[in-house]
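Chemist: As a plain string of letters, each chain reads:
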Amino acid sequence: MSLTTAHSVVAPSSNAKLIAGTIIIAYALISIVPLLWIFATSFKTPPDSIAYPPKIVFQPSIEGYCNLFTTRTRQTPEYINALGPPTGFCDETVRKRNMVIAGPSNFLPRFVNSLIIAFGSTFCAVFLGTLSAYGFSRFKVPLADDLLFFILSTRFMPPIAVAIPIYLMYRELGLSDTALGMILLYTAVNVSLAVWLLKGFIDEIPREYEEAAMIDGYTRLQAFWRTVLPQATTGIAATAIFCLIFAWNEYAFAALLTSGTAQTAPPFIPTIIGEGGQDWPAVAAGTTIFLVPILVFTILLRKQLLRGITFGAVRK
Amino acid sequence: MLNRTADNAARATPEPLAKKIRGISDKGLAWLFISPTILLLLAINIFPLFWAIYLSFTNYRANRPNEVVKNLGLANYKRILGDQDIWIAMQTTAHFVFWTILLQTVIGFTLAWLIDRKFRGHAFWTTIILVPMMLSPAVVGNFWRFLYEPQIGLFSYVVSFVTGIPPTNVQMLSNVELAPWSIIIVDTWMWTPYVMLICLAGLRSIPEYIYEAAEVDRASNWRQFWSITLPMALPFIMLAVLFRGIENFKMFDMVNLLTGGGPGSTTEVASITLKRQAFESWRTGYSSAFAIILFVAVFGLANIYVKALNKVKQR
Chain A
1 MSLTTAHSVV APSSNAKLIA GTIIIAYALI SIVPLLWIFA TSFKTPPDSI AYPPKIVFQP
61 SIEGYCNLFT TRTRQTPEYI NALGPPTGFC DETVRKRNMV IAGPSNFLPR FVNSLIIAFG
121 STFCAVFLGT LSAYGFSRFK VPLADDLLFF ILSTRFMPPI AVAIPIYLMY RELGLSDTAL
181 GMILLYTAVN VSLAVWLLKG FIDEIPREYE EAAMIDGYTR LQAFWRTVLP QATTGIAATA
241 IFCLIFAWNE YAFAALLTSG TAQTAPPFIP TIIGEGGQDW PAVAAGTTIF LVPILVFTIL
301 LRKQLLRGIT FGAVRK
Chain B
1001 MLNRTADNAA RATPEPLAKK IRGISDKGLA WLFISPTILL LLAINIFPLF WAIYLSFTNY
1061 RANRPNEVVK NLGLANYKRI LGDQDIWIAM QTTAHFVFWT ILLQTVIGFT LAWLIDRKFR
1121 GHAFWTTIIL VPMMLSPAVV GNFWRFLYEP QIGLFSYVVS FVTGIPPTNV QMLSNVELAP
1181 WSIIIVDTWM WTPYVMLICL AGLRSIPEYI YEAAEVDRAS NWRQFWSITL PMALPFIMLA
1241 VLFRGIENFK MFDMVNLLTG GGPGSTTEVA SITLKRQAFE SWRTGYSSAF AIILFVAVFG
1301 LANIYVKALN KVKQR
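From first to last, the protein sequence lines stand for chains A and B. Per the working numbering: the first sequence = residues 1 to 316. Per the working numbering: the second sequence = residues 1001 to 1315.
For reference, chain A alone in the conformation it holds in the complex (with noise of 0.2 angstroms):
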């Protein structure tokens, strides 16, 4: 049997499983080396990380960890000879490129700043997305379809044409830079998906277990609360990861919107710069840190992927 077999009565042959194993991997090596290559340049120092060629095998180092917490400032040797013993590894490092740290960099606020807001957004948007998602399910809504289209529509709008208004609209408000306007921005752009995603899985949750409920005296309210909700418990923590990968992800808004005190890390990141240009091994830790709860996450997600992605539409 080739290997232009499809599925068939007999499963494919070993010798096309084995040529599809060796293209996969092969796929699957090939694009992780750009993660790869993040996390070793964030291990690496400023002269390794732009060494030609492009070291493979290197001294490691967390000076790039220690650049991108610290801002530091040069110093002329007597100076530094002058200072006590040195307080801390990161200390002694950049003291031995004639610096001294002059405080904490911006990386840690700004980093702060997308947990308060990715959490904050997550929660309003599954908040008011499971009210919803129950009410189009359970209910027969005027214009059920017209709605669920409206609010998905709002998802289409390429985010710099809702940014000028925004603008305008936070300026007028005081909302400018705050972390509470982008908390409120992000719930309106993932409650879309939070509906559309929820009413998915609310759906298969059977009617017979609330009208049972209901028989049994519970209120609608009630019933709601104690049966259909902890039910729908996969379904939640799902959309809530979703919603928070969007929110910790997102760019456009934030690159507008804020500048200083509201701001998150994705646009603080690509600003991280050293002496003479951009400090590659600092902004590849920035990266590693910024990437590993989304990597934690996909892989708990990776049976719903699918559905996330396509806002329910496509089910296993």
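Just so you know, these hints were derived from the structure itself, not from any lab. Hints may be right or wrong, so weigh each one.
Said to hold, decoys possible - Straight-line distance between alpha carbons at most 25 angstroms, and here's what the computed DSS-like set of lysine-lysine pairs gives:
| id | chain 1 | residue 1 | chain 2 | residue 2 |
| --- | --- | --- | --- | --- |
| 1 | A | Lys96 | A | Lys55 |
| 2 | B | Lys1307 | A | Lys140 |
| 3 | B | Lys1250 | B | Lys1078 |
| 4 | A | Lys140 | B | Lys1027 |
| 5 | B | Lys1307 | B | Lys1250 |
| 6 | A | Lys17 | A | Lys303 |
| 7 | A | Lys17 | B | Lys1118 |
| 8 | B | Lys1118 | A | Lys303 |
As the list claims (entries may be wrong) - Sample of chain A residues with no beta-carbon within 12 angstroms of chain B, all distances over it, derived:
| id | residue |
| --- | --- |
| 9 | Thr70 |
| 10 | Gln231 |
| 11 | Thr261 |
Claimed, not checked - A short list of chain B residues far from chain A (calculated; beta carbon distances all over 10 angstroms):
| id | residue |
| --- | --- |
| 12 | Leu1102 |
| 13 | Glu1177 |
| 14 | Val1241 |
| 15 | Gly1262 |
| 16 | Thr1266 |
Keep in mind it's a predicted model, so treat the numbers as computed, not measured. Just so it is clear, CB atoms sit at the ideal spot from N, CA and C, and this is done for glycine as well.
Put chain B on the given structure of chain A with help from the hints.
Modeler: Chain B alone, transformed into the frame defined by chain A:
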């Protein structure tokens, strides 16, 4: 106790009346549940949209809020439709959308088809392949600038190693010919898994018995692929294409970080033009008009998308 009595009474009465007896009516509850979402979207999406429509008829500039706003009628729209630069940006966008989607569909479908051979460990390798699409396009796209760096960048090094071109000459981001492709490569790297995942679902939805029947009829493998596999997976492929089409029409993050629209304006897609007009030249009225035009275009695409989506669902 009271509830039970009410409920007993409710069951004895006709449905519409019964609903009223149980406290909040279902209709009331439905609106109570749905209205917060609708209100939020009205406030954050629809109100600003109408504001933008209003601004699109004016010469308002966001950096001069105190200036008298003049009503220009349709002048902004007329200028945009006659503006050479806007048409070039639209062409650039179309070029990106076409190539990214073509590459992602061909590679994605092939990968899905290979994974469907179900070799040992296919689930693990599928998860590995899926990783890039979950990451932030901005943060990862930014790092690709480093990979593209002439000489020291890994990508340039590999290219010069394979082709023999001197490493300092592999200038992906600053070469007018190559810059668009540098973005297409990153986008394809990132989003091929997306198309693959949807295609895989399509392939897995084809019932085994159809192949068994084809086998009985001695249909060749080639024939089976063209008359069973491809047509039956087609709605899924279309779904993936439409989704990517809409997303890439809005493409901003990666372009902004990799090339910023340059060199010159060779990679200036519609979103970048919009950003330059709105947030650098501060031509708020003019850019609002452009935003509205883009929105109408995307809305049209979205309509097609939802129709296709319903078709897929009916299967």
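Chemist: Next, verify each hint and record whether it holds.
Modeler: Verification of the hints:
1. Under the criterion of a C-alpha separation no larger than 25 angstroms, the hint pairing lysine 96 of chain A with lysine 55 of chain A is consistent with the structure, at around 22 angstroms.
2. Between lysine 1307 of chain B and lysine 140 of chain A the alpha-carbon distance is near 22 angstroms, which keeps this suggested pair within the 25 angstroms criterion.
3. A distance of roughly 23 angstroms separates the Cα atoms of lysine 1250 of chain B and lysine 1078 of chain B; the hinted pair therefore holds under the 25 angstroms criterion.
4. A distance of roughly 8 angstroms separates the Cα atoms of lysine 140 of chain A and lysine 1027 of chain B; the hinted pair therefore holds under the 25 angstroms criterion.
5. Simply put, lysine 1307 of chain B and lysine 1250 of chain B have alpha-carbon atoms about 20 angstroms apart, close enough for the 25 angstroms limit, and the pair holds.
6. Simply put, lysine 17 of chain A and lysine 303 of chain A have alpha-carbon atoms about 23 angstroms apart, close enough for the 25 angstroms limit, and the pair holds.
7. A distance of roughly 7 angstroms separates the Cα atoms of lysine 17 of chain A and lysine 1118 of chain B; the hinted pair therefore holds under the 25 angstroms criterion.
8. Annotation: proposed proximity of lysine 1118 of chain B to lysine 303 of chain A holds, straight-line Cα distance about 17 angstroms (limit 25 angstroms).
9. With a least CB separation of 20 angstroms from chain B, threonine 70 of chain A remains clear of the 12 angstroms interface cut-off, as annotated.
10. The beta carbon of glutamine 231 of chain A is kept farther than 12 angstroms from every beta carbon of chain B, the shortest such distance being approximately 17 angstroms.
11. Even its closest Cβ contact with chain B, about 19 angstroms, leaves threonine 261 of chain A beyond 12 angstroms, as expected for a residue assigned away from the interface.
12. Every CB of chain A is more than 10 angstroms from the CB of leucine 1102 of chain B (nearest about 18 angstroms), matching its label as outside the interface.
13. A cut-off of 10 angstroms between C-beta atoms confirms that glutamate 1177 of chain B is not in contact with chain A; the least separation is 23 angstroms.
14. With a minimum CB-CB distance of about 12 angstroms to chain A, valine 1241 of chain B clears the 10 angstroms threshold, and the non-interface call stands.
15. Taking the minimum C-beta to C-beta distance to chain A, about 15 angstroms, the non-interface status of glycine 1262 of chain B holds against the 10 angstroms cut.
16. Listed as outside the interface, threonine 1266 of chain B is consistent with that label: its C-beta sits roughly 19 angstroms from the nearest C-beta of chain A, beyond the 10 angstroms cut-off.
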